[in-house]
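Protein chains in written order, with our numbering: chain A, 7 to 226; chain B, 4 to 63.
Incorrect hints may appear among the rest.
[To be verified] 30 Å max Cα-Cα, derived DSSO-like pairs, lysine-lysine: (1) A:K100 <-> B:K17; (2) A:K100 <-> A:K220; (3) A:K222 <-> B:K17; (4) A:K95 <-> A:K220; (5) B:K17 <-> A:K158; (6) A:K222 <-> A:K100; (7) A:K100 <-> A:K158; (8) B:K17 <-> A:K220; (9) B:K17 <-> A:K157; (10) A:K95 <-> A:K157; (11) A:K222 <-> A:K95; (12) A:K158 <-> A:K222; (13) B:K17 <-> A:K95; (14) A:K220 <-> A:K158.
[To be verified] Selected chain B positions facing chain A (Cβ under 8 Å, derived; list incomplete): (15) R25; (16) V29; (17) A32; (18) A50; (19) A51; (20) T54; (21) V57; (22) F60; (23) H63.
[To be verified] Footprint (simulated), chain A over chain B, 3 or more residues, beta carbon under 8 Å: (24) 17-23; (25) 36-47.
Simulated from the structure, these hints should not be mistaken for lab results.
Virtual Cβ for every residue (Gly too), placed ideally from N, Cα, C.
Here's the letter readout for the chains.
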Amino acid sequence: MIYRMFATAVAVGMIAAALISVLQSSTTAPMILLAETFELPVELYGPGGSEVDVGAAIERSLYTFLANAVTTIAFALILIVGLTFGNSKPDRTKGLLIAAIGFASFSLAPAIGMPPKLPGMPVGDLELRQYWWISTALLTLAGLLCLFVQKKIPLQVLGAVLLVAPHVWGAPIADEMDSDVPATLAATFTANAIAMSAILWLSIGATAPYFFEKFKAKDA
Amino acid sequence: MSIQANTISTSAAKTNELGTARLVAVAFAAAMLFTVGFANSAAIHDAAHDTRHVQSFPCH
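Same shape as in the complex, but just chain A (with noise of 0.2 Å):
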C-alpha cells in the first residue's frame, strides 16, 4: 500500500507541477519579476528582478519548478490518504471532492485573512502568518470534514465553528498599507495565483483516482 500511494502521488504529482509550472510562466512568474523591480533597493532574499539574465532565469524557473513538484507530491500524498478512507471506490468522482476540500483548506481559507501577495508588499510578522496559515488550513479541513463527511448534527455545528474561528481570531496583519506595487498588479496576482491552487487540486484530483488504480497491481 505504501508503495502504491507513492507511485500514485509522484505520477500525479508530476504532471500537475509540469502543468501549473507552464501556466505560471506566463501568468504569475512575469508579475513577481515585475513587483521585484518596485522592491526596496536592499534586497534581503530572493533572486533580484530587475536584470535580465537568462541562465538565472532559467535556473529560477528550474527551482519554482522543483519547489511545485515537491507541493504538489506532498498534496497528491494527502489526497490519496483521503482516497483510502470510506465506503465508496476511489473513484474520479471521490478524487474532485477530496480536492475540493483540499484547495478549500491550504488555499481558499489562508487566502480569506492573508491573500497571496506579491513581492514588495506589506506583511505582518512572519512567525505569527506561519502560525495563523497552519492553524487555519487544519482548522478548515477538520471543519470540513465535521460538516460534510459525518451525519451528527452537534459535530457539524462544531465543524461550522472551526471554520470561522480563524477569521474571527484574525490574521495577522501589516502595521501599514501602503506600497510601491500597483493595486491591480496585486490584485490581478491574488487572482491568478489562487485559479493555480484550483488548477493544482483539480488536476491531482482528476487523475489519482486513475493512477491508483493504475497501481494496485503492482502493489500485491
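Place chain B on chain A using the hints.
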C-alpha cells in the same frame, strides 16, 4: 474455524498495513510542505520563493 480465524487475521493485517501507510504518507506530506512552504533556510527560501508566493505560503 481455522479458515475463519485465518481470514480475520489477514483482514486485521491489511487494516494495520493501511493504517501504517496512511501515517507514513501524511508524515511525508507534512515534511515536504514544511520544507517548501515554511523552512527558514535562506537557500530553501530562494529556491522555493516563487512557489511560496503563488501557493500563498507565508513569505517575506
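Quiz item: Of the hints given before, which are not true for this structure?
Solution: As far as the earlier hints go, 12 and 14 are violated by this structure, in ascending order.
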